[in-house]
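Novice: Take a look at the letters that make up each chain.
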Amino acid sequence: MEVRILSRNFDIADAHLLEVAKQHGAYATLEKVFAMPPADVTDEVKNSGLRGRGGAGFPAGLKWSFLPKGLDKPVYLTVNSDESEPATFKDRYILTRDPHLLIEGIIICCYAIGCHDCYIYIRGEYTTQRKALQYAIDEAYAAGYLGEKVAGHDFKLDVTIHRGAGAYVCGEETALLESIEGRKGQPRSKPPFPAVAGLYGCPTIINNVQTIASLPFILANGAAAYKAYGTEKSPGTHLFGISGHVEKPGMYELPLGLPLLEVIEKVAGGVWRGRKMKAVIPGGSSTPVLTPEEAATTTLDYESMAAHKTMFGSGGIVVLDETVDVVKLTKNLIDFYHHESCGQCTPCREGLGWMLKIVKQLLRGEGTIADIELLRELCDNIEMKTVCVLSAACTMPVRSYLDKFRSEFVAYATDRP
Amino acid sequence: MAETVKLFVNGQEVEVESGKNLIDAFKVIGIEIPHFCYHPALGADGNCRMCLVGIEDGRPPLVPACKTPVAEGLKVQLDAEKIKKIQHDVMELELINHPTDCPVCDQAGECALQDYYMSYDHQPSRMRVPQVLKGKKMDFGGGVIHDQERCVLCARCVRFTRLITKTGELGIVNRSDDARVTTFPGRQLDNRYALNVVDLCPVGAMTSKDFRFKQRAWFLTRSPGICHGCAKGCNIYIDHNCEKGGDDRIYRFRPRHNHLVNGYFICDTGRLSYHQENEGRLAVTRLDGKDCTLDQAVETARRKVENARKPLFLISPNCTIEQMIAIKALAAARKGKLSGYSDSYVMAGDGDDFLIQDDKSANRAGLAALGIDITREGFTQALNEADLLVNFNNDLLRSETNSAFAEKLSALTVIAVSSHDNDLTRKATVAFPVSSYSEYGGTIINQDQIVQRFSIAVIKNDPAPNMIEVVRLLGGPITEETAITKAMREAIPVLAGIEATAFPTAGLNLKEKETDHVTA
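Protein chains in written order, with our numbering: chain A, 1 to 417; chain B, 1 to 520.
Keep in mind that the hints are not guaranteed to be accurate.
To be verified - Below 25 Å or equal to it, Euclidean Cα-Cα: the simulated DMTMM-like pairs (lysine to aspartate or glutamate) are:
1) LYS85(B) <-> GLU373(A)
2) LYS184(A) <-> GLU149(B)
3) LYS82(B) <-> GLU377(A)
4) LYS190(A) <-> GLU32(B)
5) LYS360(A) <-> GLU149(B)
Unchecked claim - Quick look at which bits of chain A chain B covers, simulated, 3 or more residues with Cβ under 8 Å:
6) 336-344
7) 350-359
8) 382-390
Think of the hints as simulated: they come from the structure by calculation, not from any bench. Note that the coordinates shown come from a computational prediction; the quantities given were computed from them, not determined experimentally. Virtual Cβ for every residue (Gly too), placed ideally from N, Cα, C.
Using the sequences plus the hints, can you model the full thing?
Specialist: What follows is the structure in C-alpha cells.
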C-alpha cells in the first residue's frame, strides 16, 4: 500500500546532504520550471488538485491565485513548519531526511508567485530539524540554488529560518505571522487574509512543509501523474503518522483514499496485544473521534472524513484500544488546548479553563450528570465564536467523545443511575 | 451629515453615516451593540467577542461589529435568538472568573459588566469550580491601581499606552485564563496621561488612587465643564456631590469627548486640578487683613477706586470673556490702566505635542480678542505710576518673586478680587472672595482659537459672587448680561450670528470662515 513520492529519499543514507540528494534527483526540476512562465507553474499545481497539507486542505494553487496583481509591495512565502498538532509527525521527516526536497519546492513556489524572500517558521522544539534544515540551506546557498541567481537564472531568492518559542497557536497562520514580526503569537482577525495583507502587511502565501515538498514531483511529472494517486477530490499522496495502540506505529506515505481500517491493519500491524479497538482519532487530536463502526466505512481522504463528520486534518492517526479511559483522554485533550489558548478571545480564554475544571471534578468523583450536560453545552457556546479555530480544535473532539462515549462520562458522575 | 448608506437592522431599513463600523454608526441612531474591547480612539481589536452580530446571507454569517464597516444593503441581525444567546454566553464566560466584588468596587454603578449583565445575561452563575486567582491592588504607578481578577483582558489600557502615549508600559503576559495585564518588572506606568486608563477600563480593574473609595459613582452629579489647567481647554465632566450636612464638593474630573479640542482624553495634571477647586479658597471678605462684611469691604474699596489718581486693573488670563469685558469697562470708566500681564502662567518647555500646553491659562486668546495689553513693559510702567492696584484673580506672585517688586507692591494700595487665598490677598487692603470656574459660567477661547462656553457646575451652600458682581459693586458700567453680550458680539463678530441656545457644543473655531457656521 505504501508509495514513495515524498519519501523516496527517506531511507537513503545521508540524503540530507546536497551531494547525495543531487544523485537522487534533487533540484532536477528547476531547469524545466524556469523555462515555464510563472503562471503556468501555478496552473500545473492547480491542475494537480494538491490540497494544503497543514490540516485545512485548502487547494494550494487556488490559494496562490488569491495574491493581488500589480501591487508594488513584495510578496512573501512563509513555510509553516510549526507541526504542533498532537499526534502529527510528518514534516519532521522531510526536514531531517530530505530537506533539499523542501528547498526545491520553495524555489518552485517562489518562482510561481514572484516571491524573493521566504521564511520558514519552525517550532522551537525542533532543534535537530532546524540544524539539518539550516545545513541544507547553507549548502544550497553555496551551490547557487539560493541567493542572487537561483540555479544560474535571473531570479533572486533568500530563505530564512525563524524559530518559534513553543506555542501551538503559532501554527495558525496569522499567529505565525505575528510571531515572525516579533510580537506575541496571537491570531489576527480575518479579513484581511494573508494573501492580501500578511507578513509586514504584504501579500503572503503560507503553506505547510509537506505541501511545498509535493511540488517537485508535480512539476517533474505533471499534474496527471500526481492525480494518478488518490481520489478525484483528494489527489496525491500523504505522509500519515500512525500512533497509539498499534503493533507498528510510524510514518507511512500512502495514496489518499485507502480504507482506514485496512491501513491500520495492513500497514500499522493492527491493534496491539490482540486487543479490540475502541476508537480512532483520524487526523490529529483536534479531529472528532471515530468509533470502530464509523471507521469501517471511512477512507483516508477529505470527502470521506467530512461525510463522517470529522476531518482529514494533519494525517496523524491515533488508534485507541479498549483499555483507554475516554474521560481521562478528554481531560488530557482539554488540558492541552487550555494550556495553548493564546488568551485573546473571551470564549476560548475563559471557557477552556472552565471545561478542564469540570472534567477534573468529574474524574475526582465530585461531578454530576448536570456537569456533563454543562460540558456539552459549553462546547457549543465556545465554538466558532473566536478569532481563530483553536477553541473549535478543542470543542469538536470533546463533543465527539461526549456524544459517542457518554456512558463512560456518566460512570464518573456521583448521581449516576 | 456626511455620505450615508442604507442598510437593514433586524429587517428594518435605517440610514447611517458611511465609513463607520457598525458599533459607531448604530450608536448615532440609538442602537446599542454591546462591546468591551472596542474604543473609537483605540480602534477595533476584536478580542472580547461581545459585539458579534449576524449578517443575513453573509459569509461568514457571524462577524464582530467593531471590525465590520457599514455597507449598502447589509442585513444586520441583532435581535435574533442566536445573537442574544451569544451575548449571554460571552457574558457568562466573562463573569466566571470575575470576583463579582461590586460592593467594594469603585466601578460599581458605571461598569460595563454590571450593565451588560442586566441587559444581556441576567442568569444565576453556573460556576461550581474554583475561580482563577490573580493579582490584587497592584500599584502600577501613575496613580493607577490594578486588579487582575476584575480585568476582562480587553487590552484597551495596553493599546492606550502603545497607540496614544507611545510609552508602552503595559502588556498582557501569560496565555489562556492565566493571561493578565501587568507592567514590566521594576518599571511603572510613567506618562502624563496614565489615569486615562481608568476611564478606558470598562470594568473595575483600573482604579484611580486619588478617587478610589471616596464616593460611589451613583451619588455623583455629572456636570460638563472645561479644564482651566492650560490653554488647551480640554472638555471635562465635573463629578461632584453634596453630602448630607456638607457642602458641594468636586470628587473628580473626567474627560468629556470633544473632537475639536481634546478627543477622548485629558492629562493627569488637569484631571487632578479639581483639588484646587476644593482647597485653598478665599472664603471671606477682608479689610486690612481682618474679616469683615461685604458692605464694609465694598464701601472702602469703592472709595479707594474712586479716589485713585492712577489705578491699575490687573486681569487674569483665566477670566471669561464676559468678566474681562466688565473689568475693561470699569478700568475705562475710572480712567485707569488695564493689564493682562501673566507671564507667570507660562511654563516654557512643559507642553507636549498632544494636549499639554506651555501656557497654563485658559483664556489668553480672550485677552487678545479684547485688545488687552499683556506685555511686561506695559505692566511695569503702569505699576510704577500707579497708586492703586486692583487685581482680578491674577496669580502675579507666582513669578514676580524679587524684592523690588514686593517693595513696590507694599507701597501700593491693593484690592484683591480672588477665588483663592494667597500672599496678595493676605497683603491686600481689601480682599473679595469670588467664585472659581466650576462655580460660574462663561465664554473662553483656547490657544487653537476655539471659542467654548461652559456653565455653572457646582453650587456651594454659601456661593461666592461672580467676579462681575464685584465689578458692579465697584461701580463698573457694564455688568448686566445683555450689555456684556452686546459688547462681546462687538468684540467677536462671529458670535453675533449665533443665538446662545444654538452655540455648538463642541465650540466654534474662529479660524474657520464665518459661513461655515451658518446652519442650513
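Novice: Does each hint fit the structure? Answer for all of them.
Specialist: Tested hints:
A hinted pair counts as satisfied when its Cα atoms are at most 25 Å apart, and LYS85(B) with GLU373(A) qualifies at roughly 17 Å. Annotation: proposed proximity of LYS184(A) to GLU149(B) holds, straight-line Cα distance about 22 Å (limit 25 Å). For the hint linking LYS82(B) to GLU377(A), the alpha-carbon distance of about 14 Å falls within 25 Å, and the restraint holds. Restraint check for LYS190(A) and GLU32(B): the C-alpha separation of about 24 Å stays at or below 25 Å, so the hint holds.
Restraint check for LYS360(A) and GLU149(B): satisfied, since their Cα atoms lie roughly 22 Å apart, inside the 25 Å limit. Figure legend: the segment 336-344 of chain A, annotated as covered by chain B; annotation consistent (7 residues with Cβ-Cβ distances under 8 Å, at least 3 required). Counting residues of the segment 350-359 of chain A whose beta-carbon sits less than 8 Å from any beta-carbon of chain B gives 7, enough to reach three: the coverage restraint holds. Given as covered by chain B, the segment 382-390 of chain A passes the check, having 5 residues with a CB less than 8 Å from a CB of that chain where 3 are the minimum.
The earlier numbered hints are all upheld by this structure, with none contradicted.
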